[in-house]
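Student: Residue numbers (this note's numbering), protein chains in the order written: chain G, 4 to 451; chain H, -10 to 68.
Among the hints, erroneous ones may be present.
Claimed, not checked - Simulated pairs of lysine-lysine, DSS-like, Cα-Cα distance not exceeding 30 Å:
no. : chain 1 : residue 1 : chain 2 : residue 2
1   : G       : 434       : H       : 11
2   : H       : 11        : G       : 365
3   : G       : 414       : H       : 11
4   : G       : 434       : G       : 414
5   : G       : 415       : H       : 11
6   : G       : 445       : G       : 414
7   : G       : 445       : G       : 434
8   : G       : 204       : G       : 285
Stated by the list, open to error - Which residues of chain H face chain G? A few of them, derived with a C-beta cut under 8 Å, are:
no. : residue
9   : 31
10  : 34
11  : 35
12  : 36
13  : 38
14  : 50
These aren't lab readings, by the way, just hints derived from the structure by calculation. Every residue, glycine too, gets a C-beta built ideally from N, C-alpha and C.
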Amino acid sequence: MYELLERVAAADPGREAVVTHDTVTTYGDLAADARRVATALHHEGVERFGVVEHDAATVVALLAGAALVGAEACLYPPDDAGTVTSLSTRFDHDVLVSTREDLTAGARLVAPTAWLAGEPEDLPEPAARPHLVLTTGTTGVPRGVRHDWSRLLRGTARVRPADGQRWLLAYGLHQFAGLQVLLHVFAAGATLVAPAPRRPKEGLRAMRELGVTHASATPTYWRFLLAQLRSDGGTVPRLRQVTLGGEAIPGPLLDDLATTFPDASVSQVYAASEFGSTGSMKDRRAGLSVDVLDRGEDAEVDMKIVDGELWIRSRTGMLGYYGEPPVEADGWRPTGDLVEVVGDRILFRGRTSEVINVGGVKVHPLPIEERVGGVPGVDMARVFGRPSALTGAIVALEVVLAPDADPATVKKAIREACSDLPAAAQPRSIKFVDDVSTAGGKILRRLP
Amino acid sequence: MTSATTTSVEITVRNFLDVAGKLPDEFGPDTPLFEGGAGLDSLETAELSALLEDEFGSDPYSEGELPQTVGEILGFYAG
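Construct all of the structure, not just a fragment, from the sequences and the given hints.
Tutor: If you want it as structure tokens, here you go:
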């Protein structure tokens, strides 16, 4: 991470690296701050630490400083004090860096300013550059994914310089996707626009007011943003790049985005904390091309399908989970994504954990969600299993109506749209809600 | 949530059967829900159970009962 900053700082120290509504931080600033952090870590003998901090420039300086000296940083999700305490216990963090005053963890609390003061020194090269990423909790209890910066940086080898691009940060920095955005932006020497909080409404405002040209977010985030755009009737930002990832991407959403942002290129990224990124699809078709399968030993990333589940072998992936034996770094791993090959595409059917068991029949939520999402008057839909004393579970829907949509008409249209699905897959409970349950920007289909 | 009067429960069940296309010509407390009456299958019954729970806060099926007629559903709420 430090190398990326230093490369730009050496050539153009005044270039904007991180921008918010109130601040501008240059590459020169960040590189210098990173060196200060590295020096402080070295002097204090800190080898591992947690970070509970929202400000992007501060976080980047901490990450780059850690990478420079070979200390393992770990960004925590913006959780309540109780959760932070349990995470620090779980992941054995004795030191937490934060400006929050409500934290009561047993760990030593350090204010970022303490490590940003002082004169930077030259430090020896570390043997390894570990980094710990906590996975999003949509599939259960968070796990610590162990990475190394040199492996993570492999994914940026082909990023071309792109001074002038202004990328919106729409993910939490604690999320692997957020890290991917950081790596890409700094590898390109571009600018990161990081409004707080990181919600679609603030993202839209940042797009309009801070000159965002590129944005990467989950399909859920994009749907909320489109809904916000339609309801506030304000200017449509002129984006050049729209990237989606983190969840299965519905086909109709791709079309919607292409229509709303006509000057933009639309890409889909398939990635996960565990196996890194597999590159991006730019063809605006749902799913992945079958070309990703069986590429062979020499490929950086290879995929195969076993019993309907997608498996990946990647050289940019993790070293293992915290607290568990290391995995074979370049070995095959199950993704937890169920897929179906239809023609020349691999389509996503849902997570293995999201399958709804209706009276013994296994139902995948995603095809239903896509279908319901396409019904006029539906802004967003969430399909999930609702417990039933009679059948174990039934397929349930939570739907956010478009403004001015009539609930009775939409309900009828939903039933009709699903009427040709097998009986077990038909929604048996439809509720209209103000917004759907999400976590980390992704729809929550299974409560942890 | 609606209060579970005999009338409101009966109306809810009746409307449900109507939308499901399973409303028999003669509808009343004696109407069987399954064989010889509305002929609901297990999924439709599960749907009715969810509907009753959402509408009235509770339903007989979730309490382990298996009403056989409309009247037995009404009886759950009256009791």
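Student: It remains to establish, for every hint, whether it holds in the given structure.
Tutor: Outcome of the hint check:
Restraint check: the Cα-Cα separation between residue 434 of chain G and residue 11 of chain H comes to about 22 Å, which is no more than 30 Å; the hinted pair holds. The straight-line distance between the Cα atoms of residue 11 of chain H and residue 365 of chain G is roughly 26 Å, inside the 30 Å bound, and the hint therefore holds. Only pairs whose Cα atoms come within 30 Å are accepted, and residue 414 of chain G paired with residue 11 of chain H is accepted, the gap being roughly 19 Å. Of the pairs offered as hints, the one joining residue 434 of chain G and residue 414 of chain G holds, with about 9 Å between alpha carbons and a cut-off of 30 Å not exceeded.
Using a Cα cut-off of 30 Å, the hinted pair residue 415 of chain G and residue 11 of chain H holds, with the two alpha carbons roughly 17 Å apart. Simply put, residue 445 of chain G and residue 414 of chain G have alpha-carbon atoms about 24 Å apart, close enough for the 30 Å limit, and the pair holds. Only pairs whose Cα atoms come within 30 Å are accepted, and residue 445 of chain G paired with residue 434 of chain G is accepted, the gap being roughly 19 Å. Note on residue 204 of chain G and residue 285 of chain G: the hinted pairing holds, with a Cα-Cα distance of about 26 Å set against a maximum of 30 Å.
Checking residue 31 of chain H against chain G: minimum C-beta separation of about 6 Å stays under 8 Å; hint holds. With its C-beta approaching chain G no nearer than about 6 Å, residue 34 of chain H sits inside the 8 Å limit, and its interface hint holds. Taking 8 Å as the C-beta cut-off, the interface hint given for residue 35 of chain H holds, the closest approach to chain G being about 4 Å. The beta carbon of residue 36 of chain H comes within 4 Å of a beta carbon in chain G, closer than 8 Å, and the hint placing it at the interface holds.
Restraint check, residue 38 of chain H versus chain G: the minimum CB separation of about 6 Å is within 8 Å; hint holds. About 5 Å separates the beta-carbon of residue 50 of chain H from the nearest beta-carbon of chain G, less than 8 Å, and the hint is met.
Consistency note: the structure conflicts with none of the earlier hints.
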